[in-house]
Amino acid sequence: MKLTVNTQTNVEAKLSLVHQCAIENIPEPNLQTEFVIVISELLYNILKYSDGGHVEIMIKENVIEVYSKDYGQGFSECYEQAFNEGFSTGGSLGLGMSCIIRFFDELLFETSQKGTTFKGYRSFN
Amino acid sequence: MEVMNYTHPLISESTCGDYFCELNRENDHLIVLGDIGGHGNKEVYKAANLVLSAVKQNANSSIKEIYKAILNLPIIKKLGTTLFIGQFRKDLPLLHYICVGNLKLIRTNSVNSQSTTIEKQDGIVGIVNSLEPHIYTLKFNNEDLFWGFSDGVKSNVFDIISDSHHSEDLGSFLQSLVSENCDKNDDAIGMCIKVKATNSLTNLQPKTHTHHEACNPPSNKVSELSSPSDPLLSPSHEKPQFKTTAVSRLKPLEKKDLFSALPYSKDLSKKLDSLFDKLALPRELANRITMVILEMAQDPSVSLDMYINKDKIQLQTPASYDVYRSINPMFSKNAIKFDNIKNMLLVEWSINGLSIESIQEYKDLQEMFKYGLNAEAFVKLKDKRKQDELLSEQNKLAAMGEMIGAIAHQWRQPLNELSLNIQSLYLKQINNEFHNSAEWLDCFVNKNTSLIEHMSGTIDDFRNFFRTDKAKTLIDVHSCINSVSSILEAQFVANKIEVQSVGKTFSFLGFQSEFQQALINILSNSKDALVDNKNIKERHILIEYNVDTLSILDNAGGIDPSIINRVFDPYFTTKPHGKGTGIGLYMCKQIIEEKLGCSLSVKNQQWQHGTGAKFEIKIN
Chain V
0 MKLTVNTQTN
10 VEAKLSLVHQ
20 CAIENIPEPN
30 LQTEFVIVIS
40 ELLYNILKYS
50 DGGHVEIMIK
60 ENVIEVYSKD
70 YGQGFSECYE
80 QAFNEGFSTG
90 GSLGLGMSCI
100 IRFFDELLFE
110 TSQKGTTFKG
120 YRSFN
Chain G
0 MEVMNYTHPL
10 ISESTCGDYF
20 CELNRENDHL
30 IVLGDIGGHG
40 NKEVYKAANL
50 VLSAVKQNAN
60 SSIKEIYKAI
70 LNLPIIKKLG
80 TTLFIGQFRK
90 DLPLLHYICV
100 GNLKLIRTNS
110 VNSQSTTIEK
120 QDGIVGIVNS
130 LEPHIYTLKF
140 NNEDLFWGFS
150 DGVKSNVFDI
160 ISDSHHSEDL
170 GSFLQSLVSE
180 NCDKNDDAIG
190 MCIKVKATNS
200 LTNLQPKTHT
210 HHEACNPPSN
220 KVSELSSPSD
230 PLLSPSHEKP
240 QFKTTAVSRL
250 KPLEKKDLFS
260 ALPYSKDLSK
270 KLDSLFDKLA
280 LPRELANRIT
290 MVILEMAQDP
300 SVSLDMYINK
310 DKIQLQTPAS
320 YDVYRSINPM
330 FSKNAIKFDN
340 IKNMLLVEWS
350 INGLSIESIQ
360 EYKDLQEMFK
370 YGLNAEAFVK
380 LKDKRKQDEL
390 LSEQNKLAAM
400 GEMIGAIAHQ
410 WRQPLNELSL
420 NIQSLYLKQI
430 NNEFHNSAEW
440 LDCFVNKNTS
450 LIEHMSGTID
460 DFRNFFRTDK
470 AKTLIDVHSC
480 INSVSSILEA
490 QFVANKIEVQ
500 SVGKTFSFLG
510 FQSEFQQALI
520 NILSNSKDAL
530 VDNKNIKERH
540 ILIEYNVDTL
550 SILDNAGGID
560 PSIINRVFDP
570 YFTTKPHGKG
580 TGIGLYMCKQ
590 IIEEKLGCSL
600 SVKNQQWQHG
610 TGAKFEIKIN
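Those protein sequences? They're chains V and G, same order as listed. So in numbering that gives the first Met the number 0, spot 91 of the first sequence is number 90, and the numbers just go up one at a time. So in numbering that gives the first Met the number 0, spot 341 of the second sequence is number 340, and the numbers just go up one at a time.
Treat the hints with care, since some could be wrong.
With a Cα cut of at most 27 Å, we get these calculated DSS-like pairs of lysine-lysine [as the list claims (entries may be wrong)]:
(1) K277/G / K13/V
(2) K195/G / K254/G
(3) K385/G / K588/G
(4) K55/G / K270/G
(5) K250/G / K265/G
(6) K59/V / K265/G
(7) K250/G / K379/G
(8) K113/V / K63/G
(9) K68/V / K63/G
(10) K277/G / K113/V
(11) K13/V / K270/G
(12) K113/V / K76/G
(13) K118/V / K76/G
(14) K341/G / K383/G
(15) K113/V / K103/G
(16) K269/G / K362/G
(17) K59/V / K269/G
(18) K269/G / K13/V
(19) K270/G / K471/G
Because the hints were derived from the structure by calculation, they are not lab data.
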């Protein structure tokens, strides 16, 4: 499943597709919710930091595989802070990035001035 | 972290262009590994040392700045280098790194023991394609191994690492790996890092190590190139990462604001979704709270409570300091607190403009959450409940009406007798027959007292019937039928119905008065059916009971098969308007199945006195 996003995209509509995909492929309802939240973070991140990009989702043999790419400026200048949202927001917490970190068993971000790519894997029973 | 490295120079250390260093910094471990272009001469050794000096001079900088400092060295622009700069964070299980050139980087995952090569960028620092480095961020697990080798080490090390179970002594393993697999024409260097993810956000469960260990990770081996006199390189520089929690202003919410406990269940996320929807929380906030709750609730041995008041949602859970440490980085300091006296963890979110206006609304929300209902389903539930209450009330009233009828029957005869007795007293006086009448008076008093006692007993029977039992008692079926029969006796006699009860008694736990109410309803129903059917000459009811079944059979002709499935529906009645409420049998079904956990069914049956309806109660 490939979701392309740009500034014109209705993210909520995309997310309902993701939700449908989760219901069809992930048996555990709580994991479905976590998955949809994580994908929504990825989509909103793309919109927040770039003009567009896409997220690809593959679920097979009990493995969730997510690949995302955007064409923004990357976050190489502030790569450490990018993962530190919790410290930077006042009063409330920033879980955007840390929920992504916690959700995936394995993940890799690659960022440069040409944009950012992300790969993540999560297995489930 | 356990950090080790081993160099196998082509000629000697002073002509080796491979280099390595580790800096144990306040927030991370910095690792640098590289290989200067060329080998076996003093110039590459000098270049390697200049790189290490540049690293030390920029010891507090980011990997990107260190990379730029190395890139700007004139000798690097001349010779070029392959380079890995990695930053293992202490607050999050993340490695940020830059890797350019043909170093071999391998990661052995401690969870599945699989080894994989790590992504890197092509080029040679200082010479080819090295202006803008890519920064990679990788998540690691506790005890993962990271291996790095210069190109003087043959590629087959990957296979060896993949197949090996890695002995306890990683240092010796690394040494033999490098020395036995090095290229005969090049310097060779290898490193191995065993990471400690002290803050694995992936696992919120308490870890087995003690508080002391958690705060003070084991000191690291310092590489040969590190200078112990340099405070930045000294392991003693290690500080506990978390400051005291005194800065947090969080206060635990009180019991009155306890919304619900949050045991882990499959539908927990759905319940939370409905709740936050009802509370009209912004989507983003709702998502975040959901994520935290789902993870915290996963350990069934730990209780997690959610408190809600007008402007806060707060989670309270007994937790160890380690759990607090592991989730602390996700929150700002005003959103989390660890109470080290009670070992209690608080996490809080401010919510603005929450419109819970009344206590009733709060209670409704709690109930809605408890049963996992969305707003629409909850409204339905409330309607249904109201309807049932109304029904129950109506049934009680109807039953009272029946009872008054029954009392009237029961009292008419003794009242009549009392009246006659009193008249006889009057007659006696008129006839002046009171001489030597002590014996007669005794007889008069006894007879009338017994009549009054009988009437009083009737009232007791009815009062017991209306009493609502609070606790289950052992119900004896035989005595229950006797008491019900005595209540209805007068009506049966008046309507010439012969009631016979046979069987062997048995007992079960339940609410006696409600069970009696159900029996009376069924028997009254049979009585009405018998009275209404004018074609029946002899009216019979047979009550049978045995082992676990009680049945009531009449000979009133049975129930029309087209409606037999509907007789237990509320408001369903075949009786003329004003006579039946249509709730008697519905209430029976409710009482027997919902309250007593038994089953009630009906069918038509042919027997010696004709055809009739047979109601059967089966005790489970």
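Quiz item: Has the given pair, K269/G with K13/V, been kept, meaning a C-alpha gap of at most 27 Å?
Solution: holds (20 Å)
Quiz item: Taken at face value, is the distance from the CA of K269/G to the CA of K59/V at most 27 Å?
Solution: The hint holds at about 24 Å.
Exercise. Assess, step by step, whether the Cα of K277/G is no farther than 27 Å from the Cα of K113/V, and give holds or violated.
Key: Given that 27 Å is the threshold and the Cα spacing comes to 42 Å, the pair is violated.
Quiz prompt | Hinted pair K55/G and K270/G, Cα distance within 27 Å | solution = Judged against 27 Å, a Cα distance of about 54 Å means the pair is violated.
Practice problem: With a cut-off of 27 Å on the C-alpha distance, tell me whether K250/G and K265/G pass. | Solution: This hinted pair is violated, its Cα atoms lying about 31 Å apart.
Self-check item: 27 Å limit on alpha-carbon distance, applied to hinted pair K113/V and K63/G
Solution: holds (16 Å)
Quiz prompt | Agreement of K113/V and K76/G with the hint, judged by alpha carbon distance not exceeding 27 Å | solution = holds (24 Å)
Quiz item: Keeping to a limit of 27 Å between CA atoms, is the pair of K68/V and K63/G held or broken?
Solution: holds (22 Å)
Quiz item: Within a Cα-Cα threshold of 27 Å, do K341/G and K383/G meet the stated pairing?
Solution: violated (44 Å)
Quiz item: Would the pair K113/V and K103/G pass a check requiring their Cα atoms to be no farther apart than 27 Å?
Solution: Holds - the C-alpha atoms of K103/G and K113/V are around 25 Å apart, at most 27 Å.
Quiz item: Does the structure keep K269/G and K362/G at a Cα separation of 27 Å or less?
Solution: OK: K269/G and K362/G at ~19 Å, within 27 Å.
Quiz item: Given the hint that K195/G pairs with K254/G, does the C-alpha gap stay at or below 27 Å?
Solution: violated (40 Å)
When each numbered hint is compared with the structure, violations occur for hints 2, 4, 5, 7, 10, 13, 14, 19.
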